[in-house]
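Chemist: Here's the letter readout for the chains.
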Amino acid sequence: MRFKAALENYILVFPAVLIFSIFYIIPFFSVLQLGFYEWDGILPTKIFVGLNNFKEIFTDRVWWQALWQSGYITLIALTFQNALAFLLAWACDREIRMKNFYRVLFFIPPVLSEVVVGLVWQWILNGNYGILNHWLTHFGFANLTRNWLADPNTALTTVAIVHCWKGFGWGFLLFLAGLQTIPRELYEAARVDGANAWSTFKNVTIPLMIPVVIMVAILTILGTMQVFVLIYTMTGGGPGYHTEVPVLRILASMRGSSRFGYACAQGITFGVILCMVSFVQLMISRKARN
Amino acid sequence: MFKTKIICSVLFSTLILITGLGCDAKQDPSKTSITIWHWMTDRDPAFKELAKRYEEKTGVKVNFELYAPSDAYSQKVRAAAQGSNLPDIFGILGEKRDFASFIKAGFILELTPYMNEDSSKWRNSLFDKALAVNEFDEGNSYGIKPGIYGVPIDIMTIQMLYNKALFRQLGLNPNRPPKDFSELLEIGKKIKAANLQGLVSGWGEIWMIDCLASNYAFNIMGKDKVIATIKGEVPYTDPDWIKVLSVFKEMHESGFLASGLVTMVNKTAEQLFANERAVFAFNGSWCVNVYKGMNPKLEYGAFLPPKISDKYPMAIWGGAGSSFMVSDRSKNKEEAVKFLRWLTDVPQQAYLAEETNNLPANKESLKKIPDLLANFARAMDYATHPRVWGVSEFSPVIEAFDKGIQSIIIGEKTPEQVASEVQKVKERELAKKR
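Protein sequence lines, in the order shown, are assigned to chains R and H. Letter by letter, the first sequence follows residues 607 to 896 in my numbering. Letter by letter, the second sequence follows residues -13 to 420 in my numbering.
Honestly, the hints are just simulated from the structure, not real lab data. Please note that the accuracy of each hint is not assured.
[Unchecked claim] Here are the simulated DSSO-like cross-link-like pairs (lysine-lysine), alpha carbons at most 30 angstroms apart as the crow flies:
no.	chain 1	residue 1	chain 2	residue 2
1	H	Lys38	R	Lys652
2	R	Lys652	H	Lys165
3	R	Lys652	H	Lys419
4	H	Lys319	R	Lys652
5	H	Lys418	R	Lys661
6	R	Lys661	H	Lys211
7	R	Lys652	H	Lys62
8	H	Lys17	H	Lys38
9	H	Lys410	R	Lys652
10	R	Lys661	H	Lys410
11	H	Lys90	H	Lys165
[What the hints assert, rightly or not] If the Cβ cut is set under 10 angstroms, some of the chain H residues that face chain R in the computed set are:
no.	residue
12	Thr27
13	Ala54
14	Asp57
15	Gln61
16	Ala67
17	Glu81
18	Arg83
19	Gly246
20	Leu258
21	Ser381
22	Gly390
23	Ile396
24	Gly397
25	Glu398
26	Lys399
All of these numbers come straight from a predicted model, not from anything done at the bench. We put the CB at the ideal spot given by N, CA and C, even for glycine.
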């Protein structure tokens, strides 16, 4: 009977395992295997190069610059984007007028296509005919106008801010859901005990929101480190290498240089780095929770 | 109950496998059918009309399948090659070494015997420079058997364009584009003073920077030295290469280059030029069709990039715009060759030129095209292309060179710094090759 039940379970799980294996496990091992070869993606023959591709990554200055730049965008997203999302969620959780309208409004950017967002912002930020420079000039800040995406001093921060604008809606939604799960009685009890708004926020809201904050932070890191479409549309990684990110480099190795093996090695390395970051963050968050 | 669950699971798995892995639609076996994959959105309706005409004439069905954009198309062709699913006819987007890899892997049929039939009638009808892009010479560095492996269906040249109305606004003769580089820099100063935008182009996409840079490299040091550099015999730190890189510094400093050029994609550049927001553009002959669609009243002219030196002639990129290859593994390769021969014949080429404003690959069809388009065709005398040089530069070197030019334009690096960095990448790649 137990055998029959176990068999039944295995059979029911089989379709899901099959799909997962075909579309995830097998490609993963293929990518891992290709990382040890030099291959142009066309010829049937692949040259085994051992760890050479991985060694080359360590000396690839542009790769590390791209990684650092995606780290910078992630830092801005973790702080600015999530702080904004939390504040807006907190405001919408209170009894304010038109709060449903704001909820919808704040969730519009995440549902828009990244390509569309990239192109729209490219027009807004254009140095010659962009709306931003037009309004800056109109309000007497002509000295601040610049070509935001072509200036090496502003390009990376600009794409980071656009990324935050595009992504803060997800954080907003999660924070709002988290805030709504906090029992109202706790706020009432705090008020009865004479707590002011700040101490209620500090002693009730923040501790109960820690699991949500951790989840949002992990999702932000994993999502932002892999940022690609927005940058590809807005700057293509330029000017120079100033807005290059790891996924763009992987694409450049694969498509530009026809080095599929090296691209796979970059993909594996990047995956390992992301796993390590997530692991470290999980450890920190567990400590914080305790 | 248990049996039902098992049956359901097995059925479900089978269904997923079938839908997930896909299956081919059956075709009428009595009728010969040729499948062609391409990426040319603008030419798709004309291709389909020609396919209809061909079917009426011969009974052979031709299916043109469009896969755009070109990036996605390129990946699809590579993936199909791996799965041995290439269609009867397809195009290859990429460098000559990619083309060579497809041939080495046995995916492409050699067309030399067909081209040489009837005293080379087919071969002689096509532009030599367009054919050269699809040809491998004796002793080529890719190790490919000498011969022709592709059929050009149109040609292109990449030149500079100027807006005649804005030339008038600047007090310049609208029928006299700059003749030499110093004149070009003088115009740059006027553009800057008038607060207009100078040259626009898709330099955010990198390869177009490479194109203008190699134009000036040919003019400054000649073809042999450029080839010697690619072979690793001349370093990028050579004074002539620094001079090439300095061209971009001078153009930027004079005000000749539009702001934001380094991250500009060609579509944006085309919009700016078509809407008369930029005095100059650097674009290929395909732009005639694009500008016509964006602003039919645009008054503009084309000219070769002005020479910087009289020692060597100016060379521009040109040759085959798009080419088709026949799959060597196709069951219908004879029919596929016949179709390509028909497609590149005068009436079909004239029809394509008329409908799409692209330059025909057939020399005889040129008599029937508009003057501006013919102007681009005349520049074929100056045309060259990396695909005909017989050697290819390493991709990381090309990237370092082009990104370096971007850095020069934004004032971040000097030509000397970029030359030194490019040379380091070159040495690294050479060492790897050894």
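Chemist: Confirm or reject each hint.
Modeler: Results of checking the hints against the structure:
1. H:Lys38 / R:Lys652: Cα-Cα ~42 angstroms, so violated.
2. R:Lys652 / H:Lys165: violated, 51 angstroms
3. R:Lys652 / H:Lys419: holds, 15 angstroms
4. H:Lys319 / R:Lys652: holds, 28 angstroms
5. H:Lys418 / R:Lys661: At roughly 12 angstroms apart (the allowed maximum being 30 angstroms), R:Lys661 and H:Lys418 satisfy the hint.
6. R:Lys661 / H:Lys211: It is violated: about 34 angstroms lies between the C-alpha atoms, which goes past 30 angstroms.
7. R:Lys652 / H:Lys62: holds, 20 angstroms
8. H:Lys17 / H:Lys38: This hinted pair holds, its Cα atoms lying about 14 angstroms apart.
9. H:Lys410 / R:Lys652: holds, 27 angstroms
10. R:Lys661 / H:Lys410: OK: R:Lys661 and H:Lys410 at ~18 angstroms, within 30 angstroms.
11. H:Lys90 / H:Lys165: It is violated: about 45 angstroms lies between the C-alpha atoms, which goes past 30 angstroms.
12. Thr27: violated, 17 angstroms
13. Ala54: violated, 14 angstroms
14. Asp57: Since the shortest Cβ distance to chain R is 7 angstroms, the answer is holds.
15. Gln61: holds, 7 angstroms
16. Ala67: holds, 6 angstroms
17. Glu81: holds, 8 angstroms
18. Arg83: holds, 7 angstroms
19. Gly246: holds, 4 angstroms
20. Leu258: holds, 8 angstroms
21. Ser381: holds, 4 angstroms
22. Gly390: Holds, because the Cβ-Cβ distance from H:Gly390 to chain R comes to roughly 8 angstroms (cut-off 10 angstroms).
23. Ile396: The hint holds - H:Ile396 has a Cβ within 10 angstroms of chain R, the shortest such distance being about 5 angstroms.
24. Gly397: Result: holds, 9 angstroms to nearest chain R Cβ.
25. Glu398: OK, holds: H:Glu398 within 10 angstroms of chain R, min 6 angstroms.
26. Lys399: This interface hint holds because 8 angstroms falls under the 10 angstroms limit.
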